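Participant: Listed here are the chains, written in short residue letters.
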Amino acid sequence: MTQTDLPLVAAETPRNLSARKPRRPGLVENTPGLDIATHVILLLGMFMLLFPMYLVFNAATQTLQEVNAIPSRLTPGDQLWTNIQEAWVTRDFGQKFLNSLIVAVGVVTGKVVIACITAFGIVFFDHRLRMPIFWAVFITLMLPLEVRIVPTYAVAANALMPFQAILDSTGLSWLINTVSGIEVNLEWRMLNSYTGLILPLIATATGTFLYRQFFLTIPDELVEAAKMDGAGPLRFLWEILVPLSRTNIAALATIMFVFSWNQYLWPLLIITDPSYGVVAVELGKLVPDANTTGGDIPKWNIAMAGTLIVTIPPIIVVVFMQRWFVRGLINTDK
Amino acid sequence: MADIDIREVRKSYGKDEVIHGVNLHIANGEFVVILGPSGCGKSTLLRMIAGLEDITDGEVVIGGSVVNDLEPRYRGCAMVFQNYALYPHFNVADNIGYALKVAGVKKAERMEKVAAVARSVGLEDFLDRKPGQLSGGQRQRVAMARAIIREPGVFLFDEPLSNLDAKLRVQMRHEIRRIHSRIKATSVFVTHDQHEGMTLADRMVIMNKGTIDQVGTPAEVYRYPATIYVAGFIGSPAMNFLPGEIAADRAAVMLGDGTAIPIPAQVARNRDRQMVTLGLRPEDLTLGDAGAGTVTAQFEFYEETGAAGLYHLLIEDLPFQVLTKEARPVQEGAPVGVAFDFDKLHLFDSDSGQRIDLRTETRVMEAAQ
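Protein sequences appear in the order of chains A and B. Mapped onto the working numbering, the consecutive letters of the first sequence carry residue numbers 717 to 1050. Mapped onto the working numbering, the consecutive letters of the second sequence carry residue numbers 38 to 406.
Worth flagging that the hints you see were computed from the coordinates, not collected in a lab. Being a predicted model, the structure only gives us computed values, none of them experimental. Built from N, CA and C at the ideal position, the CB exists for glycine as well. Among the hints, erroneous ones may be present.
[As the list claims (entries may be wrong)] Chain A stretches covered by chain B per the calculated footprint, using a threshold of three residues with CB under 8 Å from any CB of chain B:
#1 936-945
#2 993-1004
[Unchecked claim] Result set (EDC-like, lysine to aspartate or glutamate): computed pairs, CA atoms no more than 16 Å apart in a straight line:
#3 A/LYS943 / B/ASP106
#4 B/LYS362 / B/GLU320
#5 A/LYS943 / B/GLU108
[To be verified] Okay, the calculated bits of chain B under chain A, using three or more residues with CB under 8 Å as the criterion:
#6 107-118
#7 135-147
Pulled out of the complex, with its shape left as it was, chain A reads as follows (with noise of 0.2 Å):
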């Protein structure tokens, strides 16, 4: 750039300036190899994270020669229909899918009723067991179903065994027993139900927190109008907080809905009866090995058929939610 060239760039930059769009400022930077770079980074994970659903498909349209030839072929072939079918027909897998549907959107309502419950008496009650009760919450974040998964069984047992030991260890049942002949025997059988499945996955503490985390936002200042206008805690909780937690309870609703509808180790060890069985467990028995082939050819066209079909509702509930879980997340919307 030479001297005479100055000044004529000096005045034409405001212009420059003003025409362009304006940009957000601070944090971009103009560095293309860096851009680049991140770009690849992106492209590479992208394709580590898709790579192995093109597999599952590309398995579930192939024959049974075709899925176990040696190389295997990375060409879909045209059996997807048969396969899906083979697997749908051969699984029963329209009774698991209404079951799972029923469970998961049991689980889903039930957490998104109850930890918006529990936030609710966290965040806006004064008393004094708010601190134990959000620690008690806090302390389950930590503790999995796996975790608790034998004690849980022996309650969906018998959910009335506590107290039917209280009333034993008490001496009220032999009490009872003198005085009217009656033999107690408390019982609340939860194994192979739809409540045995849902009910044991309802408490949230993600779920309490995002809550909790939505109305910490809400202004003192909107509460008490609700109060001058003469709304009670339960209207105040209805009329004003879900309203305005609507993008919250979609995005939990979203995460549970993928999170039940994947849930293995709790029905696998409550049903067994098949009629109670879902989609999860099912897809299990569905992929071969040893014991299910028998020294036959695994049929892994058909158990990707399989898990095409599996995977389906998830993606729907994901895809239609997305706006509003995003949303629900980054808590913009006020």
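We have chain A already, so just place chain B on it with the hints.
Facilitator: Leaving out everything else, chain B in the frame of chain A:
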């Protein structure tokens, strides 16, 4: 319609007492402004009337009944908040009508009332909008309408104009006054802005560190401030203060530079050797040549206010201001004379900060003799 009686009301947070036994009676239909800096307890007092804050000790009586243990909704108060506190997910009509909805008023009747109230505050074209789509002034109107629609006995305002720009603030001030003269509800208005207080109030309550320093009409508070604190707080530019000592033998207040300011002999005799603070409003003073006038000061700088000029001076290194329309070219550091109007002089006890009222004290003593 209701009057409010506040009796020995105290408020403590743990060991910290923030309101120390306040007594105040607000007559039915009166517009009272509680004025004070942030942290003086004015908002806490208002919130205790509303029922949003527990009353530690004492009684709040609204319309003849003690409301200490009554929930806010049973007190018959409506409140306008500083941040408007509108329900973000309701439109304007629902915001205004929410109290009626809670009270179980039928939809048709409710909407009729909402329309009438909205018209009275100029919101009839915005009923379908959400609060997020309104300007600050419009939101403020919605907050007002929400309070008006309940036809409350008591109107409470918690610094409602603080978030508005200067022009809108003046406009809303006039509107609040207009609404008050129309619906005549007892109103308590909390603010830290003395202009708001002076223009709106029937009576002003000046609070300082959890106690009431003075209650009076705006004119009374301006003309006869009860304490140094009130004197310094009310009036803009702020009152000048000069330290002095009463000398009975000369019937005067002696300033640091030896100037004698004459005061009634009886007062001087009664308070000989007492340390006092002399208060002078910048607008009650006139400038003169050096040596002329009551005291001589050093000119520091000049500030143009449009209608008048504000001269910043130094007397014995204490800042001192004179507000006058008279233009007087002075050089920096040059001496100027300042003339006092002895009738408009304020005298305060330096220790207690209380006003020494020259007129009444003279009269009382004459009567005693």
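Participant: All hints, please: hold or fail.
Facilitator: Verification of the supplied hints:
1. 936-945: holds (count 8)
2. 993-1004: As far as the region 993-1004 of chain A goes, the hint is violated, because 0 residues have Cβ atoms under 8 Å from chain B.
3. A/LYS943 / B/ASP106: 15 Å, holds
4. B/LYS362 / B/GLU320: With a Cα-Cα distance of about 9 Å, the restraint between B/LYS362 and B/GLU320 holds, given a limit of 16 Å.
5. A/LYS943 / B/GLU108: At roughly 8 Å apart (the allowed maximum being 16 Å), B/GLU108 and A/LYS943 satisfy the hint.
6. 107-118: holds (count 7)
7. 135-147: holds (count 4)
Hint check: a violation occurs at hint 2 only; the rest are consistent with the structure.
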